[in-house]
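Novice: Whenever a hint applies, use it, and build me the whole structure from the sequences.
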Amino acid sequence: MDQFRIETIATTDPAWSDLAQHRALAAQLGSLADSTAGAVTRTGGASADGGGGGDVASGAVPTGSTVATLPAPRVVPTFRPDPLLHLDQPAWRTDIDRLAAAADTQIGDYAAYLAALRERRRAFVAAGGSATDHGHLSADTTPLPDDVAADVFARALAGAGVTAAEAAAFSGHMLFQMAAMSCEDGLTMQLHPGVLRNHDPERLAMFGPDKGYDIPVVTEYTNALRPVLEAFGHAENFRLIAFTVDEDAFSRELAPLAGVYPALRLGAPWWFLDEPDAMRRFREAATGTAGFSNLSGFVDDTRAFCSIPARHDLARRIDAGYLARLVVEHRLDLDEAVDTASDLAYRLPKQAYPTPADAPAGV
Amino acid sequence: MDQFRIETIATTDPAWSDLAQHRALAAQLGSLADSTAGAVTRTGGASADGGGGGDVASGAVPTGSTVATLPAPRVVPTFRPDPLLHLDQPAWRTDIDRLAAAADTQIGDYAAYLAALRERRRAFVAAGGSATDHGHLSADTTPLPDDVAADVFARALAGAGVTAAEAAAFSGHMLFQMAAMSCEDGLTMQLHPGVLRNHDPERLAMFGPDKGYDIPVVTEYTNALRPVLEAFGHAENFRLIAFTVDEDAFSRELAPLAGVYPALRLGAPWWFLDEPDAMRRFREAATGTAGFSNLSGFVDDTRAFCSIPARHDLARRIDAGYLARLVVEHRLDLDEAVDTASDLAYRLPKQAYPTPADAPAGV
Amino acid sequence: MDQFRIETIATTDPAWSDLAQHRALAAQLGSLADSTAGAVTRTGGASADGGGGGDVASGAVPTGSTVATLPAPRVVPTFRPDPLLHLDQPAWRTDIDRLAAAADTQIGDYAAYLAALRERRRAFVAAGGSATDHGHLSADTTPLPDDVAADVFARALAGAGVTAAEAAAFSGHMLFQMAAMSCEDGLTMQLHPGVLRNHDPERLAMFGPDKGYDIPVVTEYTNALRPVLEAFGHAENFRLIAFTVDEDAFSRELAPLAGVYPALRLGAPWWFLDEPDAMRRFREAATGTAGFSNLSGFVDDTRAFCSIPARHDLARRIDAGYLARLVVEHRLDLDEAVDTASDLAYRLPKQAYPTPADAPAGV
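Protein chains in written order, with the numbering used here: chain U, 1 to 363; chain C, 1001 to 1363; chain W, 2001 to 2363.
Hint data in this document are derived by calculation from the structure and do not stem from the laboratory.
Model, not experiment: these values are computed from the prediction.
Ideal placement from N, C-alpha and C gives every residue a C-beta, glycine not left out.
One or more hints might be untrue.
[What the hints assert, rightly or not] Far from chain U by the CB rule (all over 10 angstroms, computed), these chain C residues:
| # | residue |
| --- | --- |
| 1 | Met1001 |
| 2 | Gln1003 |
| 3 | Asp1018 |
| 4 | Ala1101 |
| 5 | Val1148 |
| 6 | Ala1160 |
| 7 | Gln1177 |
| 8 | Asn1223 |
| 9 | Pro1227 |
| 10 | His1234 |
| 11 | Ala1235 |
| 12 | Gly1259 |
| 13 | Ser1293 |
| 14 | Pro1354 |
[Claimed, not checked] Beta-carbon label-pair distances, calculated as ranges:
| # | chain 1 | residue 1 | chain 2 | residue 2 | range |
| --- | --- | --- | --- | --- | --- |
| 15 | C | Leu1204 | W | Val2148 | 44 to 52 angstroms |
| 16 | U | Val338 | C | Arg1331 | 33 to 41 angstroms |
| 17 | U | Asp151 | W | Gly2212 | 52 to 60 angstroms |
Specialist: Written out as structure tokens, the structure reads:
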């Protein structure tokens, strides 16, 4: 952590996590290799140069600060409720029991379920968390009428059968509820839709979930995000960061949406798009319409701690290359480009994931 | 108009417009800021340099002509029947009455409706108009059987209820009818599909329609345009210009379609794609298959009169940059590139919007 | 053949072809202009330089070999069963009779149909064939239960009516069967989906099928290829080469799929994408995720024999340009780029279309 000059690192934790493992991680720092199952690390504003010497790898890195003067690194949890929102997940019923135990409550109906989720979000905020993370197949955020949601939930809880369509609709409904709760507690909402998980069932049986064989699908945002953006797109306390692995949506849907709704920011290229040419295409497709200030800036998303500096370094080089082109084409002045480089590498991610004022500094 | 050396400017007017405001505009010229509600200005072949001095901003601008030798600028109307073709528009019934009044007729059935539209098109042609303009959510042009169309129309007229699916099908049917009428009267047909209007209903309530919050959606052309292209794609008197805000369709659908159907031309990048990088991507994605001669050339589409020279200047710079690349790569000779630059800036738009020989010169 | 230094050329032949014409072609070589109806020539590993002199047109061409030392050119057939797999093709019933005659059998039911197809594949293998070729509207490969497939087939055979949905489902089912047979006989499976044929029925009536007016449509691969990839994606003896004219699927679907399934390779840009800028976009969109070794390398697909060297030359120039960029950006060393150029031009196509050891050398 010192060597990489990382200010903040966020783990991703199940909603039912007691955050003990997270706290242990925060205590020991520097050895995050054995993170929780399904956990990804996200780093906002991490510095990618090697520290130590004065040899700064990327021109986009603010220099002049030294390891000694950095604030203490902070490790914060991220609230990931996915398995609880997808009624057709095999372990859903068990996971609900875990949620109930973590929230120290009984979950006998939909209202108790919402209350338990709200309670766990409070615990994550108290532990310094600044965001939630949502991996859905579709970006749909259409709310159901409360009584319909309550009925579907009750049937799922009773094991009385829920159709695939009902489960999908409930997932979208719960994204809407998560957005509503974000307006209350200030957690930045991260949405990573459009990946068909476990494409090869034989590999799934051999290695378990989240071991590759996840393949993107066409992802629609204009209609799918409309309910949340209509309701909260201008809410001052709401930030929705939309990631995508379908780059075809950059100029058609995501950039125009981010251009008008203050709450929406576009996430950095992710997963299959997290390679040099795709990162460059993102800048070129999104910036003309969305501008720089509607982007999240570079946020890494890795399970490999040691890859963090390389990923930030690469992102900064790509951004610097894009900005250099704008300077050469007289579309930006050099000083504006240097400022923007710092925005993309540092200031925008900090703004996108604000820290609650009352959060403990080191968890 | 003199300073910008604009040869022709087209306003967009409702089908029921008596064109009085248009004639006033044409008379006073030079002060178009207060155009009709919903009006956009389209300029074909406008010159983007500042006139006056000899300092030509864009290398693509034909030089040597001076303001003094330009023909008198012409201001022409464009026929926009959108609200009359969408049976589910809130003001549809009122707008039908406006159409009837403008056409000096009664609209009691589908046949009278078609006749009134045909009559208004004639009035636009007489006023020097060269085009129609159509903003539909889908590019669908599937005709309905006449009796089905007549029945749906009769129910809408009687306020007896039309389903959303029927309204959508009727809109597509009417695009086909508009194409058929264009074959008769020679008006170039402009289609701008694929924008979901008024994405945020709260903003709509605050500011009214067409004030932003319009977001593109996936737009299909291969099947949607097939009925019109089957019927009129080789008609000598028919020109269909397809615009898009879904650049994913450039190489897959639009360029191949424009490459085979003589009547189809690809419109210039528009709206969210009207920015430097997207304009360049359009050239690079469409030209290899469609060639230059199946493009409309640059046609501006603005409500801000003073933006016209800047927009033409930008378009010419992007085109010149693309052509320069082809020259450097030995794919075009320099003299061919210079010729093509003039085609894109001036000759192609003039061809795409031919003036009826009998149209009055200044309206 | 000598002048172009072509090692192998593959014609495309109907499944019922007795291959007599093919054998005649192979015997006479050098005069392929009058190939069979619907035939396309595919050339793997063809050399694009003009032979004769030492003037090598493309830097990617391995030099040092001379015409005299080349192995005898081989002309091999490619198995194209399309008309037999689409139950709603007008000539389907007639074509089934042709298949029965070619296989010297009776086709009275679904089992006999499969057996006849298997028998014809054996004949193609015996004639040196290395691949099958499939042009379907959709990439769907979902197998039907055997009894459902048998029932649909029986009704089609009896002329008793098959719905469009049943015909489409049967086509997908048969793609799965073709993949299964490829695992048995080792024929590389080529899939070219996503083209709506005969867009203009009037042109179809005037000139017949496959004379232009074929337009791409959105093509989905992630779900469509899943059944075949689940079943055979790791089979050692299976190679599926997926072509596309929907470049929007490159980074979203095709590259991620090719990255995980060893059996899948991405075909070279084809048809409307077989132009300089689209070829470059393919490299830039697919390579970051799929790498070079999951590509087929350049495979030409033309009906014009004399276009072969020009097409290979162009492909090699584009590849060399892309590789040069990677060298300049320090992403590849020069010697790696040179090696990769040979892979793309020669070694990868040879690997993608392996020759059965027992195939006769000159047919």
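Novice: Against each hint, give a clear statement of whether it holds in the structure.
Specialist: Hint by hint, here is what the structure shows:
1. Remark: the non-interface label on Met1001 of chain C is consistent with the geometry, its nearest Cβ contact in chain U lying 29 angstroms away (cut-off 10 angstroms).
2. Here Gln1003 of chain C stays apart from chain U, with its beta-carbon at least about 24 angstroms from theirs, past the 10 angstroms limit.
3. Annotated as non-interface, Asp1018 of chain C keeps its C-beta farther than 10 angstroms from every C-beta of chain U; the closest such distance is 35 angstroms.
4. The non-interface label for Ala1101 of chain C is consistent with chain U: the shortest C-beta to C-beta separation is roughly 37 angstroms, beyond 10 angstroms.
5. Remark: the non-interface label on Val1148 of chain C is consistent with the geometry, its nearest Cβ contact in chain U lying 28 angstroms away (cut-off 10 angstroms).
6. A cut-off of 10 angstroms between C-beta atoms confirms that Ala1160 of chain C is not in contact with chain U; the least separation is 29 angstroms.
7. Non-interface status of Gln1177 of chain C relative to chain U is upheld: no Cβ of that chain comes within 10 angstroms, the nearest being about 28 angstroms off.
8. For Asn1223 of chain C, the shortest C-beta to C-beta distance to chain U comes to about 17 angstroms, beyond the 10 angstroms cut-off, and the non-interface label holds.
9. Listed as a non-interface residue, Pro1227 of chain C keeps its Cβ farther than 10 angstroms from every Cβ of chain U; the least gap is roughly 25 angstroms.
10. Every C-beta of chain U lies more than 10 angstroms from that of His1234 of chain C, the closest at about 31 angstroms, which supports listing it as non-interface.
11. Non-interface status of Ala1235 of chain C relative to chain U is upheld: no Cβ of that chain comes within 10 angstroms, the nearest being about 31 angstroms off.
12. For Gly1259 of chain C, the requirement that its beta carbon stay farther than 10 angstroms from each beta carbon of chain U is met, with the minimum near 22 angstroms.
13. Listed as a non-interface residue, Ser1293 of chain C keeps its Cβ farther than 10 angstroms from every Cβ of chain U; the least gap is roughly 26 angstroms.
14. No Cβ of chain U approaches the Cβ of Pro1354 of chain C within 10 angstroms, the least distance being about 32 angstroms, so the stated non-interface status holds.
15. Here the CB-CB span from Leu1204 of chain C to Val2148 of chain W is close to 50 angstroms, well matched to the stated 44 to 52 angstroms.
16. At roughly 37 angstroms, the beta-carbon separation of Val338 of chain U and Arg1331 of chain C lies within the given 33 to 41 angstroms, and the hint holds.
17. For Asp151 of chain U and Gly2212 of chain W, the Cβ-Cβ distance of about 56 angstroms falls inside the hinted range of 52 to 60 angstroms, so the restraint holds.
When the structure is compared with the earlier hints, no violation turns up for any of them.
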